[in-house]
Amino acid sequence: MSPHRARTEQELNGRHGRPITDRDAHEINRVEELSYDLKIHEVMSKKLHTASPEMSLSDVLEVLRINRISGVPVTEDSQLVGVISIEDIVRAMQRNDLTETVGQYMTRDLVTVASYDSIVKAMQTFTESQVGRLPVINEEKKLVGMITKGDITRGILFALQKDYKDEEVRRYRASHLFEDIISDRTTLVLRYNIKAHDFTHGGNASSNIKRALLRLGADPQIARRCGIAVYEAETNLIIHTTRGGILKLEVEPHRITMSTTDDGPGIQDIDQVLQPGYSTATDQVREMGFGAGMGLVNIKRCVDSMELESTVGKGTKLIMRIHVPAENFNGRKDG
Amino acid sequence: MKLIEIIKLVDGITLTPDANLNINIHGGYGADLMSDVLAASQPNAILLTGLTNPQVVRTAQMADFRAIIFVRGKQPQPETLELAKEENVPLITSPLGMFELCGRLHKAGLPSFETNVPS
Chain A
3 MSPHRARTEQ ELNGRHGRPI TDRDAHEINR VEELSYDLKI HEVMSKKLHT
53 ASPEMSLSDV LEVLRINRIS GVPVTEDSQL VGVISIEDIV RAMQRNDLTE
103 TVGQYMTRDL VTVASYDSIV KAMQTFTESQ VGRLPVINEE KKLVGMITKG
153 DITRGILFAL QKDYKDEEVR RYRASHLFED IISDRTTLVL RYNIKAHDFT
203 HGGNASSNIK RALLRLGADP QIARRCGIAV YEAETNLIIH TTRGGILKLE
253 VEPHRITMST TDDGPGIQDI DQVLQPGYST ATDQVREMGF GAGMGLVNIK
303 RCVDSMELES TVGKGTKLIM RIHVPAENFN GRKDG
Chain V
24 MKLIEIIKLV DGITLTPDAN LNINIHGGYG ADLMSDVLAA SQPNAILLTG
74 LTNPQVVRTA QMADFRAIIF VRGKQPQPET LELAKEENVP LITSPLGMFE
124 LCGRLHKAGL PSFETNVPS
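Top to bottom, those sequences are chains A and V. All the letters of the first sequence, read from the start, carry residue numbers 3 to 337 under the working numbering. All the letters of the second sequence, read from the start, carry residue numbers 24 to 142 under the working numbering.
Worth double-checking, as some hints may not be accurate.
As the list claims (entries may be wrong) - Straight-line distance between alpha carbons at most 30 Å, and here's what the computed BS3-like set of lysine-lysine pairs gives:
hint: 1; chain 1: A; residue 1: K48; chain 2: A; residue 2: K151
hint: 2; chain 1: A; residue 1: K143; chain 2: A; residue 2: K41
hint: 3; chain 1: A; residue 1: K41; chain 2: V; residue 2: K108
hint: 4; chain 1: A; residue 1: K167; chain 2: V; residue 2: K108
hint: 5; chain 1: A; residue 1: K167; chain 2: A; residue 2: K41
hint: 6; chain 1: V; residue 1: K25; chain 2: A; residue 2: K250
hint: 7; chain 1: A; residue 1: K164; chain 2: V; residue 2: K108
hint: 8; chain 1: A; residue 1: K164; chain 2: V; residue 2: K25
hint: 9; chain 1: A; residue 1: K123; chain 2: V; residue 2: K108
hint: 10; chain 1: V; residue 1: K108; chain 2: A; residue 2: K197
hint: 11; chain 1: A; residue 1: K167; chain 2: V; residue 2: K31
Keep in mind the hints are simulated off the structure, nothing from the lab.
Generate the whole structure from the sequences, applying the supplied hints.
This is the structure we're talking about:
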């Protein structure tokens, strides 16, 4: 499911006609963002059909019919002088006047937008001026394109699709890593330095690890188990170590190994720290919702195997392994 | 149940304006102990908690929660809000207490997503 829902032209324009509710505000946000980010020159049509004031209306009608458009700008000595549209031609037809010139029936009241403006400006202009298409001019006031509401809708949809595709591409590239690189044994190693007592950034490494695993094509269940285990381990480094430590992730097609290494203070009694509820955490740590003595117990529950080695005064090493079924990482086994 | 329905049920205020409120929430989980959350929750639930530090967002993310409600009208720390926006985790604050919150949501049909694990 994409978080960005495609929006119709009515929805985009509709909000101008009524007060914005809280719900609208939430829903239109990415689209609204895009309407400021996207510039008019990015979505306008640059392929220009123009008419001159001397042209006959029946000739213009032919241009509109062939190109399947409903209006064209009128220029004289490369200056924009008006717009002629189907509505103007219908007026002429009612009077059986199709042999008349463009100059007689075109709209001279010119509303234009600038190519460097955001598309939100064009949206406002459409609402205010009640016209269906707007000539686009550049800094030198020269006609450079035309913009319709359809161009805006297409531009936004295209940008939304690109947002979605970017993540897909990242995922695709990563998930083919093990297929693209041939070796007898391929291992992807990610290392993170964890600072002691840095609670503000606590979990950043774990978050990156989980994201990496998902991009590599790991099953969400496995990514979740790894995420929880590695987050508990990262938290332990932050809470308990003297000088922080290193968090390492090793991904192989059949196995994920996560480990933490630190240089102190080390654990006195390993059997004791593995007891549920045993904790040496401070009140400050407990206030943050940690330090209930469940960390290692929780890790053990999430992984397939766990090894804990420690020497007081030297440091601690924790190794956690999760076996990966063949269908992960593109279904390829080791070797 | 849609997140937007849940927000109405708990008189909630959305703190992350960019959040998509149309997502489906499959169950609920209430706790102030992050280790409990990590140990005994199922994915795709909403987390009800009294803690407001950034670790709540990280925990929710690791355990695949879809949104967080702070109880008793608590406001998250600025870092928490920042992280939630970055990681796209909707944050909601409700004036109700934990018991009332759980009660309302459960009564409205949102199941408990607490798993039985021996502690």
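Right, here's what the structure says about each hint:
1. At most 30 Å may separate the alpha-carbon atoms for a hinted pair to count; A:K48 and A:K151 meet this at roughly 15 Å.
2. A C-alpha spacing of about 17 Å is found between A:K143 and A:K41, which places the hinted pair at or below 30 Å, so the restraint holds.
3. Note on A:K41 and V:K108: the hinted pairing holds, with a Cα-Cα distance of about 25 Å set against a maximum of 30 Å.
4. Restraint check: the Cα-Cα separation between A:K167 and V:K108 comes to about 21 Å, which is no more than 30 Å; the hinted pair holds.
5. The straight-line distance between the Cα atoms of A:K167 and A:K41 is roughly 21 Å, inside the 30 Å bound, and the hint therefore holds.
6. The straight-line distance between the Cα atoms of V:K25 and A:K250 is roughly 38 Å, outside the 30 Å bound, and the hint therefore fails.
7. A C-alpha spacing of about 21 Å is found between A:K164 and V:K108, which places the hinted pair at or below 30 Å, so the restraint holds.
8. Between A:K164 and V:K25 the alpha-carbon distance is near 27 Å, which keeps this suggested pair within the 30 Å criterion.
9. Between A:K123 and V:K108 the CA atoms are separated by roughly 27 Å; this keeps the pair inside 30 Å, and the hint holds.
10. For the suggested pair V:K108 and A:K197, the alpha carbons sit about 24 Å apart, so the restraint of at most 30 Å is met.
11. With a C-alpha separation of about 33 Å, the suggested pairing of A:K167 with V:K31 is violated against the 30 Å cut-off.
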